[in-house]
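Chains A and B supply the protein sequences, listed in that same order.
Here the working numbering runs 129 ahead of the position in the first sequence, where the first position is 1.
Here the working numbering runs 407 ahead of the position in the second sequence, where the first position is 1.
Incorrect hints may appear among the rest.
Unchecked claim - Label pairs and their calculated CB-CB ranges:
1. B:ALA623 <-> A:ALA317: 23 to 31 Å
2. A:GLY191 <-> B:VAL529: 44 to 52 Å
3. B:GLN479 <-> A:ALA197: 32 to 40 Å
4. A:TYR212 <-> B:ARG559: 17 to 25 Å
5. B:ARG637 <-> A:HIS216: 56 to 64 Å
6. B:SER535 <-> A:GLY191: 40 to 48 Å
7. B:ASP487 <-> A:MET205: 28 to 36 Å
Since the hints were made in silico from the structure, they are not lab data.
It should be emphasised that the depicted structure is a prediction, and the values quoted were computed from it without experimental measurement.
From the three backbone atoms N, C-alpha and C, an ideal C-beta is built for every residue, glycine too.
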Amino acid sequence: MAAGQGRSAHRGRRSAPDQREQIIEAAYSCVSRYGMAKTTVEDAAREAGVSRATVYRYFPGGREELLAAAISWEQMRFFARLYDEVHDAGSLEELMERGITFAHRAIKGHEVLQRVLETEPGLLLPKLTVDQGRMVALVGSFLTHYLERHGVVGDIDAGFASEFLARMVLSYISSPGRYDLEDPVQVADLVRAELLAGILRAVAT
Amino acid sequence: MTYCIIVISGSLALLRGDEHGEPGRAADSGTGETVAAVEALTPAMASTSLESPRPTARLRIIDAMLACLARQGLGKTTLDDVARQARCSRATLYRIFPGGKDSVLEAAVDTEVARSLSALAVVMGQASDLESLLVMGMAEASRLFGNNEVLRRLLELEPEVLLPRLTFREMDRILMTASSFLAPFLARWLAPVEAERIAEWATRIVVSYLLCPSEAVDLADEDQALRLVRSFVMPAVAIMQQSSYPAGSDRVKTPSQTDPSQTDPSQTDPSQTDPSQTDFVQPAET
């Protein structure tokens with residue numbers, strides 16, 4: 130946020146971070162209506178009620194940069210909801226079970242994501258893949274923090290364990306494979322074996 | 408089209424990169440074993456290769472397609488490019504592949520997958536215990552995938568072609584395909600249910616570190632693969648094998664004691680055929 134004088138000088142106008150987010154949100158809403166291929170800078174500007182020049186001021190890369198920002202924005206909203214869902218879990222097992230169940234449902238029930246995956250996967254997936262390292266780092270750093278705070282590290286390096294765990298969580302929630310993640314018994318099974326067996330054993334020893 | 412699925416399963420691929428620029432040599436040196444591998448691993452493909460009047464020309468075209476993919480990607484590769492690279496005419500190409508580009512591509516992908524899987528199988532066949540099987544298999548698969556020129560170039564040039572086949576529901580299909588190939592190797596030491604489960608998991612691990620390389624872990628390095636397997640995979644195997652473990656309904660609880668030579672009946676040595684079976688059959692025939 131700018132200093133107080135900035136706010137008074139621009140009464141009625143949004144501050145920069147707000148306006149940037151407003152444009153991103155507008156772009157996302159265009160994608161949800163028209164798809165990625167058909168969303169233009171013009172659409173997003175109109176939706177946000179700003180000029181094209183304003184959009185380009187925040188996103189000099191134009192359409193591509195704006196779309197990438199919209200995808201990252203929605204990902205961040207997803208991880209924020211995931212955090213709300215799991216942050217007060219009483220144990221690592223519970224954290225994983227709640228997180229996986231929630232994330233799997235959120236992905237399956239995400240209409241915009243599912244429609245884009247269906248109709249224009251070639252546009253979305255390269256962007257998601259570029260973001261994948263960031264997602265692993267994001268989930269991983271949350272887990273490192275959790276593992277250290279709850280003393281569940283044992284003789285395994287916390288960074289090593291949480292990176293692995295983050296990768297596996299991201300893999301299972303997007304492609305459950307043999308598991309039905311709607312079934313609490315199977316989720317518990319997955320969490321205690323594939324996800325946490327090594328980490329919990331390291332604590333026990 | 409099936410080709411894309413397979414490009415990925417083909418991530419397991421061992422590529423004879425050195426042969427791609429020299430199709431003639433590739434055909435000469437690899438025909439027999441490659442065709443055998445293809446027939447063993449991809450039944451649909453086997454019939455095609457048997458129908459082909461000249462398997463050598465066929466393989467030359469396939470290798471030419473792979474070389475073109477590695478050089479210029481899928482979109483820019485034309486049948487003329489493939490024919491030129493294979494040093495054959497368009498007419499010959501169409502005679503062998505009446506379906507044109509799509510069918511050459513499909514055959515190329517199938518062949519690549521068969522080569523990769525057979526290379527992986529050779530390595531995994533040398534394992535002396537479960538841990539070494541996992542370590543050798545994951546490290547070798549990481550090297551095969553990571554060094555696969557075709558895969559690398561396609562990811563670089565045309566991620567929009569490849570990635571949709573590597574993620575979400577498409578990834579589920581690859582996981583199924585890969586785990587049914589890998590599970591029999593694991594079944595030397597695990598019950599069938601655990602074998603499939605671990606096979607799928609190992610595939611995920613390799614794919615995750617390949618598509619999104621880690622700064623900290625390089626699975627192509629056997630020591631690092633060993634550290635990961637010991638830290639995370641073996642403890643889970645132990646848990647899966649505990650009979651008290653509250654697992655899925657029809658889980659098989661006891662580890663398999665199956666002799667590896669019996670896991671595939673077709674590999675049974677004919678000289679050891681039980682004579683009583685012959686005795687049993689003969690009276691029925693006479």
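Now the hints, each set against the structure:
| no. | hint | result |
| --- | --- | --- |
| 1 | B:ALA623 <-> A:ALA317: 23 to 31 Å | 29 Å, holds |
| 2 | A:GLY191 <-> B:VAL529: 44 to 52 Å | 50 Å, holds |
| 3 | B:GLN479 <-> A:ALA197: 32 to 40 Å | 27 Å, violated |
| 4 | A:TYR212 <-> B:ARG559: 17 to 25 Å | 35 Å, violated |
| 5 | B:ARG637 <-> A:HIS216: 56 to 64 Å | 31 Å, violated |
| 6 | B:SER535 <-> A:GLY191: 40 to 48 Å | 58 Å, violated |
| 7 | B:ASP487 <-> A:MET205: 28 to 36 Å | 48 Å, violated |
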